[in-house]
Amino acid sequence: MLLNGTGDVIDDYEYPATTEELIDDHGDRTLELPNGSETVGDVLARLESETFETAEDARFAVYSAVSDKAVGRVGYSDRDPTPVGSPYSPDAVSF
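For the sequence shown, full-length UniProt numbering gives the first residue as 1, with consecutive numbering after it.
Hints in this document: simulated from the structure, not taken from any laboratory.
Careful: at least some of the hints might be erroneous.
Stated by the list, open to error - Cβ pair distances, simulated, as ranges:
{"#": "1", "residue 1": "E56", "residue 2": "R79", "range": "21 to 31 angstroms"}
{"#": "2", "residue 1": "D42", "residue 2": "Y13", "range": "29 to 39 angstroms"}
{"#": "3", "residue 1": "E14", "residue 2": "P87", "range": "40 to 50 angstroms"}
{"#": "4", "residue 1": "G36", "residue 2": "F60", "range": "18 to 28 angstroms"}
Unchecked claim - Straight line, CA to CA, 20 angstroms or less: simulated DMTMM-like cross-link-like pairs of lysine to aspartate or glutamate:
{"#": "5", "residue 1": "K69", "residue 2": "D42"}
{"#": "6", "residue 1": "K69", "residue 2": "E32"}
{"#": "7", "residue 1": "K69", "residue 2": "D28"}
{"#": "8", "residue 1": "K69", "residue 2": "E38"}
Note that CB positions come from ideal geometry on N, CA and C, so glycine has one too.
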């Protein structure tokens with residue numbers, strides 16, 4: 001995910017700050033994601049209203065609220081076996 005300078009803006013913002021304040025001041029900033037882009041306003045609008053005490057809190061909120069456009073392959077994991085019944089399971093092969 002490319003924050004396109006948004007991380008610096010978040011770091012320089014005066015805290016505490018509310019979700020609404022960040023949306024009003026920086027909601028039009030674009031985040032470049034692997035499968036498209038979203039604005040900070042769209043991302044933060046998915047969250048309930050809260051007050052961020054630090055820049056780190058606000059940054060984590062943005063990271064946690066991006067859509068599946070930030071995921072390379074939805075449902076993919078190269079670390080765990082696919083759970084039984086998962087829609088991402090490979091087709092069974094008969095020998």
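Structure-based check of each hint:
1. The hinted range of 21 to 31 angstroms is satisfied by E56 and R79, whose Cβ atoms lie roughly 27 angstroms apart.
2. D42 and Y13 have their C-beta atoms about 18 angstroms apart, which leaves the hinted 29 to 39 angstroms range violated.
3. Checked against the given bound of 40 to 50 angstroms, the beta carbons of E14 and P87, roughly 45 angstroms apart, stay inside it.
4. For G36 and F60, the Cβ-Cβ distance of about 22 angstroms falls inside the hinted range of 18 to 28 angstroms, so the restraint holds.
5. Using a Cα cut-off of 20 angstroms, the hinted pair K69 and D42 holds, with the two alpha carbons roughly 13 angstroms apart.
6. Restraint check for K69 and E32: the C-alpha separation of about 9 angstroms stays at or below 20 angstroms, so the hint holds.
7. For a cut-off of 20 angstroms, the pair hint linking K69 to D28 stands: about 18 angstroms separates their Cα positions.
8. Of the supplied pair hints, the one linking K69 and E38 holds, its CA atoms being roughly 8 angstroms apart against a limit of 20 angstroms.
The earlier numbered hint that this structure contradicts is number 2, and it is the only one.
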